[in-house]
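Note that the protein sequences, when read in sequence, are chains A and B.
Following numbering that gives the first Met the number 0, the numbering of the first sequence begins with 0 at its first residue and continues without gaps.
Following numbering that gives the first Met the number 0, the numbering of the second sequence begins with 0 at its first residue and continues without gaps.
No incorrect hints appear here.
Per label pair, the in silico range of CB-to-CB distance:
{"#": "1", "chain 1": "A", "residue 1": "Ile-104", "chain 2": "B", "residue 2": "Arg-38", "range": "54 to 62 Å"}
{"#": "2", "chain 1": "B", "residue 1": "Arg-35", "chain 2": "A", "residue 2": "Ser-155", "range": "35 to 43 Å"}
{"#": "3", "chain 1": "A", "residue 1": "Gly-81", "chain 2": "B", "residue 2": "Pro-344", "range": "51 to 59 Å"}
{"#": "4", "chain 1": "A", "residue 1": "Arg-71", "chain 2": "B", "residue 2": "Gly-151", "range": "47 to 55 Å"}
{"#": "5", "chain 1": "B", "residue 1": "Arg-90", "chain 2": "A", "residue 2": "Pro-231", "range": "24 to 32 Å"}
{"#": "6", "chain 1": "A", "residue 1": "Ser-155", "chain 2": "B", "residue 2": "Arg-295", "range": "30 to 38 Å"}
{"#": "7", "chain 1": "B", "residue 1": "Arg-392", "chain 2": "A", "residue 2": "Ala-280", "range": "32 to 40 Å"}
{"#": "8", "chain 1": "B", "residue 1": "Gly-302", "chain 2": "A", "residue 2": "Arg-285", "range": "34 to 42 Å"}
With a straight-line cut-off of 25 Å between C-alpha atoms, the simulated SDA-like cross-links for lysine to any residue are:
{"#": "9", "chain 1": "A", "residue 1": "Lys-271", "chain 2": "B", "residue 2": "Gly-302"}
{"#": "10", "chain 1": "A", "residue 1": "Lys-234", "chain 2": "B", "residue 2": "Ala-329"}
{"#": "11", "chain 1": "A", "residue 1": "Lys-234", "chain 2": "A", "residue 2": "Gln-73"}
{"#": "12", "chain 1": "A", "residue 1": "Lys-271", "chain 2": "B", "residue 2": "Pro-294"}
{"#": "13", "chain 1": "B", "residue 1": "Lys-222", "chain 2": "B", "residue 2": "Gly-280"}
{"#": "14", "chain 1": "A", "residue 1": "Lys-271", "chain 2": "B", "residue 2": "Thr-322"}
{"#": "15", "chain 1": "A", "residue 1": "Lys-271", "chain 2": "B", "residue 2": "Ala-298"}
{"#": "16", "chain 1": "B", "residue 1": "Lys-222", "chain 2": "B", "residue 2": "Arg-156"}
{"#": "17", "chain 1": "A", "residue 1": "Lys-59", "chain 2": "A", "residue 2": "Ala-16"}
{"#": "18", "chain 1": "A", "residue 1": "Lys-271", "chain 2": "B", "residue 2": "Arg-301"}
{"#": "19", "chain 1": "A", "residue 1": "Lys-234", "chain 2": "B", "residue 2": "Arg-301"}
{"#": "20", "chain 1": "B", "residue 1": "Lys-222", "chain 2": "B", "residue 2": "Arg-250"}
{"#": "21", "chain 1": "A", "residue 1": "Lys-234", "chain 2": "B", "residue 2": "Val-293"}
{"#": "22", "chain 1": "A", "residue 1": "Lys-59", "chain 2": "A", "residue 2": "Leu-144"}
{"#": "23", "chain 1": "A", "residue 1": "Lys-234", "chain 2": "B", "residue 2": "Gly-302"}
{"#": "24", "chain 1": "A", "residue 1": "Lys-271", "chain 2": "B", "residue 2": "Val-359"}
{"#": "25", "chain 1": "B", "residue 1": "Lys-230", "chain 2": "B", "residue 2": "Asp-343"}
{"#": "26", "chain 1": "A", "residue 1": "Lys-271", "chain 2": "B", "residue 2": "Arg-295"}
{"#": "27", "chain 1": "B", "residue 1": "Lys-230", "chain 2": "B", "residue 2": "Ala-272"}
{"#": "28", "chain 1": "A", "residue 1": "Lys-234", "chain 2": "B", "residue 2": "Asp-80"}
{"#": "29", "chain 1": "A", "residue 1": "Lys-234", "chain 2": "B", "residue 2": "Arg-250"}
Simulated from the structure, these hints should not be mistaken for laboratory data.
All C-beta atoms, glycine included, are put in the ideal place defined by N, C-alpha and C.
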Amino acid sequence: MTRADAEQIAASPEAVAARLAASRYLADDSLATAIFLAIRLGKPLLLEGAPGVGKTEAAKAVAELLGRELVRLQCYEGIDAGHALYEWNYQRQLLAIRHAGEHEIDIYDDRFLIARPLLQVLRAPEQRVLLVDEIDRSDHEFEALLLEFLSDFQISIPERGTIRAETQPIVILTSNRTRELAEALRRRCVYHWIGYPDAAREAQIIMLRSGHVAEATARAVANAVQQIRARPLAKPPGIAEAVEWANAATILEKGGSPWSDAFRRAIGVLIKDEEDLSAIAPELGRIVEEALA
Amino acid sequence: MRDLTELTTSWHRPPISQMHGESLPHAAAPFLGFARLLRHHAFAIAPEQVTSFMQAVTLLGPRSMNDIHEAALATLAPSPDRRSEFEAHFRGYFYGNAKPSIEGEEDEETRVKDDRGTREEESRTVRQEKGGELSSALEQLSSRDFQRDADGLGSFRRRLASALPARRSFRTTRTRSRGILDLRRSLSEIVSADGDIPAPLLRRRQTVPRKFLLLIDVSGSMKLHTADYLKLAHAAVQGADRAEVFTFGTRLTRITSALRIRDRDQALARASALVDDWDGGTRMGPTLLAFLSVPRFSAFARGAAVVILSDALERGDHADLETAIRRLSARAFRLSLATPLAGDPRFRPATAALRAILPVLDDLVDGSSVRSLTHFILSLARPAQAAEAIWKRVS
Numbered sequence: 000m001t002r003a004d005a006e007q008i009a010a011s012p013e014a015v016a017a018r019l020a021a022s023r024y025l026a027d028d029s030l031a032t033a034i035f036l037a038i039r040l041g042k043p044l045l046l047e048g049a050p051g052v053g054k055t056e057a058a059k060a061v062a063e064l065l066g067r068e069l070v071r072l073q074c075y076e077g078i079d080a081g082h083a084l085y086e087w088n089y090q091r092q093l094l095a096i097r098h099a100g101e102h103e104i105d106i107y108d109d110r111f112l113i114a115r116p117l118l119q120v121l122r123a124p125e126q127r128v129l130l131v132d133e134i135d136r137s138d139h140e141f142e143a144l145l146l147e148f149l150s151d152f153q154i155s156i157p158e159r160g161t162i163r164a165e166t167q168p169i170v171i172l173t174s175n176r177t178r179e180l181a182e183a184l185r186r187r188c189v190y191h192w193i194g195y196p197d198a199a200r201e202a203q204i205i206m207l208r209s210g211h212v213a214e215a216t217a218r219a220v221a222n223a224v225q226q227i228r229a230r231p232l233a234k235p236p237g238i239a240e241a242v243e244w245a246n247a248a249t250i251l252e253k254g255g256s257p258w259s260d261a262f263r264r265a266i267g268v269l270i271k272d273e274e275d276l277s278a279i280a281p282e283l284g285r286i287v288e289e290a291l292a
Numbered sequence: 000m001r002d003l004t005e006l007t008t009s010w011h012r013p014p015i016s017q018m019h020g021e022s023l024p025h026a027a028a029p030f031l032g033f034a035r036l037l038r039h040h041a042f043a044i045a046p047e048q049v050t051s052f053m054q055a056v057t058l059l060g061p062r063s064m065n066d067i068h069e070a071a072l073a074t075l076a077p078s079p080d081r082r083s084e085f086e087a088h089f090r091g092y093f094y095g096n097a098k099p100s101i102e103g104e105e106d107e108e109t110r111v112k113d114d115r116g117t118r119e120e121e122s123r124t125v126r127q128e129k130g131g132e133l134s135s136a137l138e139q140l141s142s143r144d145f146q147r148d149a150d151g152l153g154s155f156r157r158r159l160a161s162a163l164p165a166r167r168s169f170r171t172t173r174t175r176s177r178g179i180l181d182l183r184r185s186l187s188e189i190v191s192a193d194g195d196i197p198a199p200l201l202r203r204r205q206t207v208p209r210k211f212l213l214l215i216d217v218s219g220s221m222k223l224h225t226a227d228y229l230k231l232a233h234a235a236v237q238g239a240d241r242a243e244v245f246t247f248g249t250r251l252t253r254i255t256s257a258l259r260i261r262d263r264d265q266a267l268a269r270a271s272a273l274v275d276d277w278d279g280g281t282r283m284g285p286t287l288l289a290f291l292s293v294p295r296f297s298a299f300a301r302g303a304a305v306v307i308l309s310d311a312l313e314r315g316d317h318a319d320l321e322t323a324i325r326r327l328s329a330r331a332f333r334l335s336l337a338t339p340l341a342g343d344p345r346f347r348p349a350t351a352a353l354r355a356i357l358p359v360l361d362d363l364v365d366g367s368s369v370r371s372l373t374h375f376i377l378s379l380a381r382p383a384q385a386a387e388a389i390w391k392r393v394s
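Using the sequences plus the hints, can you model the full thing?
Structure representation (structure tokens):
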């Protein structure tokens with residue numbers, strides 16, 4: 000898919016939102032606009048938000064919307080160029096040297112090069128979307144490396160020279176905001192903060208994602224989850240957990256328990272912290288009753 | 000579009016009056032003006048962001064005010080903490096509301112303040128309404144800043160980075176012994192030696208110092224010590240790569256970046272100006288819970304050496320404090336409480352709050368003087384008996 004095709008798909012924010020919905024991702028206007036702008040301006044898209052609001056899912060949906068393959072680079076502390084850019088396959092190189100004997104051999108050939116995510120994307124910018132996940136987990140050195148990559152879309156391999164992307168690839172970065180990102184990085188990106196959705200949208204998301212949950216159930220789950228998030232929990236439930244809860248409760252209800260009971264028994268898929276469970280336990284019955292009403 | 004771009008990339012050069020001159024397309028002026036307004040209110044807006052803002056507006060139509068709003072959000076990227084302030088400016092500027100009323104949402108929850116948003120000018124003005132015996136730490140500090148290293152903080156600063164507990168990093172370092180084969184370097188060595196295999200080169204995972212988190216109680220009961228504690232905190236931030244400092248009383252304030260200033264007096268002046276709850280009451284439990292409920296902050300505690308400087312005199316119910324300390328200790332590598340009360344040899348952890356939290360504390364030590372504190376912090380890497388065992392033996 001060429002750049003022109005991509006621009007055609009992203010004709011307007013509404014078109015983007017519609018295509019995202021077709022790939023089972025419900026984006027609000029603001030996110031659809033941000034994605035539209037990122038594609039059209041040719042800038043990376045930086046998504047920030049609490050854990051579990053669907054940042055990674057958004058990236059997957061964008062890849063699907065453009066009909067491209069998603070290449071994911073999961074960040075962690077200490078990630079370095081060898082994990083992100085490229086690495087030589089040293090064992091094969093050694094073997095090849097021994098095998099070649101007296102013949103000349105180019106040990107910096109393509110078959111000895113292991114392409115890591117950033118290089119993979121550079122080689123086929125029009126077939127791939129790059130997702131740099133949880134960039135806040137990496138350290139400052141890696142952020143600087145990424146900054147260089149994002150500004151020129153090129154990688155220098157000393158043995159091979161510089162590899163440059165023919166067209167600008169589409170890049171999505173996500174961050175849980177456990178630390179502040181460098182201003183230079185924020186500046187280069189189109190930025191969007193994903194918050195928790197409101198109850199109506201969350202109910203829609205639950206129905207879209209789970210498949211076999213009834214509308215009334217989805218709405219009840221959405222209401223209850225909103226209530227639970229309003230409490231000071233160590234780990235507020237994300238959207239994925241809400242979907243799981245709706246699924247689990249539906250299964251239990253089919254097995255014969257009444258709704259309120261099913262919700263209470265399935266709470267383990269929604270809240271995964273012992274202290275949070277004991278904090279919410281006394282109120283849970285009331286929250287579920289209210290949500291079901 | 001092209002001329003807009005050219006204009007904006009060079010926009011920081013010409014004075015403002017010229018910007019409104021003949022060269023600027025009429026329709027573009029408001030967007031530049033808005034960026035200027037934001038800069039005036041200490042939002043960091045780069046020229047290229049203004050360019051993309053205008054490009055985005057052009058791309059979107061703009062069909063409505065909402066489009067401009069979305070474009071501004073996406074390209075000017077206000078940080079979520081200052082979002083409401085940004086909205087107020089936006090309304091004030093584009094809708095012409097007479098005066099943007101910028102008030103942080105007053106909530107009944109514990110207020111959390113991060114020092115990133117403050118402006119240079121603001122932090123220079125120091126709170127002056129303090130008087131009498133309630134003089135702020137700043138005033139106490141300014142009166143005796145001439146003895147530089149009398150309190151041993153200089154050597155503390157230099158020794159801290161190597162004295163903190165360490166962990167193994169994912170990065171590797173070259174080594175001569177005890178390591179795994181470094182194929183990358185070995186291979187290039189082999190190639191340059193024309194196929195000969197010299198001694199293999201080794202690498203080993205590096206050790207890096209753990210994060211260091213200092214939580215300082217600034218309530219009234221700690222008044223005598225807060226000045227010393229801030230000096231200590233400054234030395235810690237200067238000495239360790241990844242140190243974070245928060246103060247708590249009735250509120251939680253992050254003062255790390257104020258303390259990054261090298262000059263101690265200046266750093267402390269700025270830090271004191273940030274803290275709003277000097278010498279007030281303590282709500283230790285709720286503020287620590289507030290600390291933990293901000294994912295960004297609680298991530299500082301993960302795997303870190305955490306030292307709380309407080310007397311842990313929690314008024315009323317201590318259930319919150321117990322929960323907070325338990326959660327903190329689950330995240331931290333080592334959790335220590337330094338209380339000035341322990342300077343007294345007759346001190347025993349006898350209050351209900353202290354008894355409740357003692358089992359989860361790694362250390363409960365004397366925090367009455369800088370000397371004992373620095374000595375303790377520099378010994379954090381060495382294993383010690385659990386606080387409970389030590390104090391059981393004493394009593």
